[in-house]
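J.: Please model the entire structure based on the sequences and the hints provided.
If you read the protein sequences in the order shown, they are chains U and F.
Per our numbering, the first sequence starts with residue 22, numbered consecutively.
Per our numbering, the second sequence starts with residue 233, numbered consecutively.
Think about it this way: if two alpha-carbon atoms lie no more than 27 Å apart in a straight line, the pair counts; the simulated DSSO-like pairs of lysine-lysine are:
(1) F/K776 x U/K84
(2) F/K437 x U/K36
(3) F/K429 x U/K87
(4) F/K795 x U/K36
Just so you know, the hints here were simulated from the structure itself, not pulled from any lab data.
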Amino acid sequence: MTREQILRLYLDDDKLIDEGYLREGEGNQAAWSDHLNNKMVTVIKDAIEGVVGGESQALMTRKINKYLDRNL
Amino acid sequence: MIIESIEINNFMCYSGNNRFDFTEGMNVIIGDNGYGKSKLYDAFYWAMYDQCFDTNEKQWKSTRFLGKALISDKAITESEDGLIRTSVRMTLKDTDKDRQYIVERILKAEKREGEVIPDNESIQEITFRKISGMTGKLITNPEEIERIKRKVLPENIRPYMWFQGEQVESIIDFGESDSLSRAINVLSNISRFDEVKIVADAWAKSVGEQYHRKVKALSTDRDKSDKLEVNRNEIVARIGLLENDIKQCKENLGYAEEEADKLVNKQEDATRIRELDVSRKSLEKQLEEIEEELRYERIDLHKKMFTNRWVLKGSEGLVKLFNEKYGNYQDEKLSKRAEAKAKSDAENKVLKELQTRLPINVPEPVFVEKMLDQGKCLVCDREAKEGSEAWNSIKQLLDRTQEVSQGGEEKDQIINDFESDFRRLSQHGYAMEQDIGRIDENIVKTFTRLDRLDKKRRSTRDQLDTVQKEISNLVTESSINPERARHLLSELLANNDHALRFRGNLTRFEVELERKQKELEKIDKDLGELISEDLPSWLEEKKKLLLDFKEIAHSTRDRVFKKLVKQLEDEANNHYHEMMQGNLSAKGIIKLVESTKGNYMPRLVDQNENPLMQLNTGNIILIKLATIMAIISARQGSRDTDLYTLITDAPMSVFGEDYTIGFCKTVSKVYRQSIIMSKEFYKNEALRRQLLNDTDINLGKVYMITPSISENERSNRNSLQTLIKALN
Numbered sequence: 022m023t024r025e026q027i028l029r030l031y032l033d034d035d036k037l038i039d040e041g042y043l044r045e046g047e048g049n050q051a052a053w054s055d056h057l058n059n060k061m062v063t064v065i066k067d068a069i070e071g072v073v074g075g076e077s078q079a080l081m082t083r084k085i086n087k088y089l090d091r092n093l
Numbered sequence: 233m234i235i236e237s238i239e240i241n242n243f244m245c246y247s248g249n250n251r252f253d254f255t256e257g258m259n260v261i262i263g264d265n266g267y268g269k270s271k272l273y274d275a276f277y278w279a280m281y282d283q284c285f286d287t288n289e290k291q292w293k294s295t296r297f298l299g300k301a302l303i304s305d306k307a308i309t310e311s312e313d314g315l316i317r318t319s320v321r322m323t324l325k326d327t328d329k330d331r332q333y334i335v336e337r338i339l340k341a342e343k344r345e346g347e348v349i350p351d352n353e354s355i356q357e358i359t360f361r362k363i364s365g366m367t368g369k370l371i372t373n374p375e376e377i378e379r380i381k382r383k384v385l386p387e388n389i390r391p392y393m394w395f396q397g398e399q400v401e402s403i404i405d406f407g408e409s410d411s412l413s414r415a416i417n418v419l420s421n422i423s424r425f426d427e428v429k430i431v432a433d434a435w436a437k438s439v440g441e442q443y444h445r446k447v448k449a450l451s452t453d454r455d456k457s458d459k460l461e462v463n464r465n466e467i468v469a470r471i472g473l474l475e476n477d478i479k480q481c482k483e484n485l486g487y488a489e490e491e492a493d494k495l496v497n498k499q500e501d502a503t504r505i506r507e508l509d510v511s512r513k514s515l516e517k518q519l520e521e522i523e524e525e526l527r528y529e530r531i532d533l534h535k536k537m538f539t540n541r542w543v544l545k546g547s548e549g550l551v552k553l554f555n556e557k558y559g560n561y562q563d564e565k566l567s568k569r570a571e572a573k574a575k576s577d578a579e580n581k582v583l584k585e586l587q588t589r590l591p592i593n594v595p596e597p598v599f600v601e602k603m604l605d606q607g608k609c610l611v612c613d614r615e616a617k618e619g620s621e622a623w624n625s626i627k628q629l630l631d632r633t634q635e636v637s638q639g640g641e642e643k644d645q646i647i648n649d650f651e652s653d654f655r656r657l658s659q660h661g662y663a664m665e666q667d668i669g670r671i672d673e674n675i676v677k678t679f680t681r682l683d684r685l686d687k688k689r690r691s692t693r694d695q696l697d698t699v700q701k702e703i704s705n706l707v708t709e710s711s712i713n714p715e716r717a718r719h720l721l722s723e724l725l726a727n728n729d730h731a732l733r734f735r736g737n738l739t740r741f742e743v744e745l746e747r748k749q750k751e752l753e754k755i756d757k758d759l760g761e762l763i764s765e766d767l768p769s770w771l772e773e774k775k776k777l778l779l780d781f782k783e784i785a786h787s788t789r790d791r792v793f794k795k796l797v798k799q800l801e802d803e804a805n806n807h808y809h810e811m812m813q814g815n816l817s818a819k820g821i822i823k824l825v826e827s828t829k830g831n832y833m834p835r836l837v838d839q840n841e842n843p844l845m846q847l848n849t850g851n852i853i854l855i856k857l858a859t860i861m862a863i864i865s866a867r868q869g870s871r872d873t874d875l876y877t878l879i880t881d882a883p884m885s886v887f888g889e890d891y892t893i894g895f896c897k898t899v900s901k902v903y904r905q906s907i908i909m910s911k912e913f914y915k916n917e918a919l920r921r922q923l924l925n926d927t928d929i930n931l932g933k934v935y936m937i938t939p940s941i942s943e944n945e946r947s948n949r950n951s952l953q954t955l956i957k958a959l960n
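T.: Right under this line is the structure:
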């Protein structure tokens, strides 16, 4: 299963639309390489990237904190 | 990556140089039992992992323990002193990536004066080359070798791709509730979603702590805030404990429910085993009694030689003969007696005559002899010259005495008279004659009784064997021994009690958790009210984002897993029904049933989802194979490196010929390449023709293997060679 296939499965979650992170149909078309400027999508992508790349949990937590603290 | 060929040299029954080429699709190696199919499987396994499966001891053994057994007997017999080389070389190729790997394992042995001494360790060599190129590179670095081997077949996938028929049972063990979940985890990508879930939990926790630190820092009433903080910490700690308790309780409940479920399923078998065990014990007792009786009868048989006078059998003539002889004896005795009487009478007459002149022994013989010597009668003092009438008259006196003494000896003979003994014997003989007449009848009666007892013994033993066999089959199928069967009911009750207790605890913990969470919310609200200014919006947003991500990670994992299970269920049913095509028996539907613990187990149910009980081993194996194939199908195409070859020895032996073609169609559809060793196509030529001609089967190469020597000469393996014939 590719990272993109995994990402699409996450983006298929109703909560993303319910909470306004994505618009209807937007998740189906998302590609891994797309830069959506969507923080939730980035969070999901970072988690997938870290897991697929075998990164440690501490490193992933540091990275996400750094990203969110800078960009929010 | 597919296996292009395997070259086997002097390995087990493959003496000399042997080669099998393979293509994509289903490659089949056909051979009867003992023809070398399992040895071919061993060759693959040995080349890769330095191990062969010992079917007797049901365990894997390495070269160190197999030693000489790896080398062909023919090679040992025929080679002269010096080096014997055993090797298996497997060539794999990945056309898409223009790669070829040659995995070779070599065992060297030395023959010295007829004695073969193999090396303790084998050598593994891997050569890599570009298919388009000419030169190869020998890989010697052990880490690199292991990396390539993992690429050929990852460790966790191996049990599902390379297995022997008898191992199918253990791939998905119905006795272990998490074995299917484990297989799903290994063969699907669900573990990625589990890992993301863990990451999401860690991030949510991290942002929660960050948020809380900020709230505390902005507090206007430090004392109140500290007090609330103490309370909060206690509640958080309690929530932590409760969450653990709930988790533990769910696990225990799941375990108790699974156990109870297993026990309920086993209850029928256990009851039957228990009944059979009672019957076995009763039969054992009966058999013991019969054997005791039989033993007594056999011992008594020897006694009867004397007590029932069987020893006299055939002696009817002896009694008659004895009586005849006894009659003769009596007659002879009577005649002797008469003779003796006549003689005695005659003597008496002479004596009578002599009595008129002189009594016997008068004069005494010593004087008579003196008179004869002197030629003179000492009574009348007259001359009696030798030879004269007077001398002869004197001599007559002496002779008379001798004759009388001889008559006395005859009297002595009469003293040693056996008449009475002989008479008694004769009388006994008459009595025994009656008994002897009845011996045959008595023997027949005794042997009829013995025969009846023996038949009874055999019949009881047969019944006992049948019962024991039934118990043994039930024990094998259900894994319940008679001892366990006895305790099963009480265990079932105990498990139900446990489940009830765990359920009660779970409800209690969940109620308390809900209460504590509300308390925590209130404290957080109180703490929030103590802050002097608004919390930074970025932190609020971060908190919401990561908590939402946590929810999404959890729900996505559950959704994906449920979808996967449904997909597996559909796929498993497709494979199962495809494999069942050749059989008209009730098929049922495979249902992956979720337990409280979240594990899934394949069950066969009817259209109304009622479980189908009493499945035979073949059914169970088909369900397992269908489920494994479903997982493989689900995984297929997800990653280009996921293309592994299925190698299996005798997978069809357990479910019979009805399912063979269906199995082949399914296998050839699911696996890009498979290598199947089978005996089903050996004897059944129609089935073989079907295999070779059925267009629904994506067929690779088909080989027939046979031993070079006939069945009755197989005990001598010194000239054994395996003949390989390509059938397509």
